[in-house]
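Please dock the two separately framed chains into a single complex, following the hints provided.
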Amino acid sequence: GAVVSQHPSRVICKSGTSVKIECRSLDFQATTMFWYRQFPKQSLMLMATSNEGSKATYEQGVEKDKFLINHASLTLSTLTVTSAHPEDSSFYICSPLVGYGYTFGSGTRLTVV
Amino acid sequence: GQNIDQPTEMTATEGAIVQINCTYQTSGFNGLFWYQQHAGEAPTFLSYNVLDGLEEKGRFSSFLSRSKGYSYLLLKELQMKDSASYLCAVSGDDKIIFGKGTRLHILP
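Chains as they are written, first to last, in the working numbering: chain A, 1 to 113; chain B, 1001 to 1108.
No wet-lab data here; the hints were simulated from the structure. Careful, some of the hints might be misleading.
[What the hints assert, rightly or not] Label-pair distances were calculated between CB atoms; the ranges are:
1. 60/A with 1025/B: 12 to 22 Å
2. 1080/B with 68/A: 38 to 48 Å
3. 1040/B with 73/A: 40 to 50 Å
4. 1107/B with 20/A: 38 to 48 Å
5. 1016/B with 40/A: 39 to 49 Å
6. 1017/B with 83/A: 44 to 54 Å
7. 111/A with 1080/B: 26 to 36 Å
8. 1067/B with 85/A: 39 to 49 Å
9. 60/A with 1052/B: 24 to 34 Å
10. 111/A with 1009/B: 23 to 33 Å
11. 1054/B with 2/A: 17 to 27 Å
12. 27/A with 1094/B: 38 to 48 Å
[Unchecked claim] Computed list of lysine-lysine pairs in DSBU-like fashion (alpha-carbon distance at most 30 Å, straight line):
13. 41/A with 1095/B
14. 41/A with 1081/B
15. 1057/B with 1081/B
Fair warning: this is a prediction, and the values are worked out from it, not measured in the lab. Where is the CB? At the ideal position from N, CA and C, for every residue including glycine.
If we strip away everything but chain B, and leave its shape as in the complex, we get (with noise of 0.2 Å):
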């Protein structure tokens, strides 16, 4: 079976560092994306892995690791306008599967 694995909220601060973790099982790999979601708009991209290491793209990071089908997003000097939902998605099999997501609020 296909299953994508990330908590479901998350708190930080404004200006800290947070990380939201992905955990993936799927039936064939072609990479994996993060995306932003805020409540009632389509999803904006973020990032794509598709070899095993760190994408740094300014104040927000990816990291993948095919082996332990792990994955995590960084964002570092968090903003408010950080808060949303944040997705991470597995491309497998001709289509891209999503994970549930993750709800990140931001405190001032």
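Here chain A stands alone, though its shape is the one from the complex (with noise of 0.2 Å):
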């Protein structure tokens, strides 16, 4: 149980241009999904934290108008970087809260060029 499905799992993506982030719970429903950035050879960052049919809690730092996050469905939770610029390019990974949050996505590597 409790598989997530992160989408796309690489992106590049021009500088100045969107990158949409998939997160889907396939067999149970997310009342909250966390989102986290990895830089290389760092530890996960955690950048929000979203509630379904609510609006994300940001961690100071974290520009909410540049990263867009929908949790608009119990399965579903998106995370849109706007405007993406080279010091964007990170490992993007989704979380839904399980019992004790042991479960991540995939991950998604985007690449900003």
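Next comes the structure, spelled out in structure tokens:
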């Protein structure tokens, strides 16, 4: 149980464009979704927490207008990186709250050129 | 403030035993996780400790002392595939905070 599907796994986009990352819970309902970012050789940094049907809560230093999170249903949460820049290149991972929260999506490697 | 400390890198030999330590100071504590992460992949769950003591699961064991803010992950009979980063994470105040991870190198 607790299968999470995250897409795309890799994306390369031009600077200034937007990229949408989807995270679907396939066999359970995710009321809460955590979005993490991981730069090379660093640990996961929590970006924001979203709850189904309400606005996301962003961590300090994370621009809410740049990283748009939508959690409109219990099985789908999306993260849109708007006006992407090379410094946004990173590994983005979703993690739905399941019990004590031990599962992760497979991650999305974003490269902005 | 919240802080999780673990060594940056460790090296061990195939077949040996290695212990990765983690100390934490967090606001709120609901449990401590250990995850394994291979390069370019998402973390995978290894263990979860809520109460003090040792939890054993095959070759991997995890220990927790809440009063000391301390945990360790013990890996036995090391295999080459155990070369990875090991992340200590603490659950508290409605979110999970991760340490910076320990890169474990296994030598043949």
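How the hints compare with the structure:
1. Separated by about 18 Å at the C-beta atoms, residue 60/A and residue 1025/B satisfy the suggested range of 12 to 22 Å.
2. For the pair residue 1080/B and residue 68/A, the supplied restraint of 38 to 48 Å holds, since their beta-carbon distance comes to about 42 Å.
3. With their beta carbons about 29 Å apart, residue 1040/B and residue 73/A fall outside the hinted range of 40 to 50 Å.
4. In this structure the hint that residue 1107/B and residue 20/A lie 38 to 48 Å apart at CB holds, the actual value being about 43 Å.
5. Separation of residue 1016/B from residue 40/A is about 28 Å and departs from the stated range, judged on CB atoms against 39 to 49 Å.
6. The hint said 44 to 54 Å for the Cβ distance between residue 1017/B and residue 83/A, and at roughly 50 Å that hint holds.
7. With their beta carbons about 29 Å apart, residue 111/A and residue 1080/B fall inside the hinted range of 26 to 36 Å.
8. Checked against the hint of 39 to 49 Å, the pair residue 1067/B and residue 85/A passes, with Cβ atoms roughly 46 Å apart.
9. Between residue 60/A and residue 1052/B the CB atoms are about 32 Å apart, so this pair conforms to the stated range of 24 to 34 Å.
10. The beta-carbon spacing between residue 111/A and residue 1009/B, approximately 26 Å, falls within the hinted interval of 23 to 33 Å.
11. Separated by about 26 Å at the C-beta atoms, residue 1054/B and residue 2/A satisfy the suggested range of 17 to 27 Å.
12. A C-beta distance of roughly 24 Å is found between residue 27/A and residue 1094/B, which places it outside the suggested range of 38 to 48 Å.
13. Restraint check: the Cα-Cα separation between residue 41/A and residue 1095/B comes to about 22 Å, which is no more than 30 Å; the hinted pair holds.
14. The suggested pairing of residue 41/A with residue 1081/B holds, with an alpha-carbon distance near 19 Å, which does not exceed 30 Å.
15. Taken as a hint, the residue 1057/B and residue 1081/B pair is honoured in the structure, with Cα atoms around 17 Å apart against an allowance of 30 Å.
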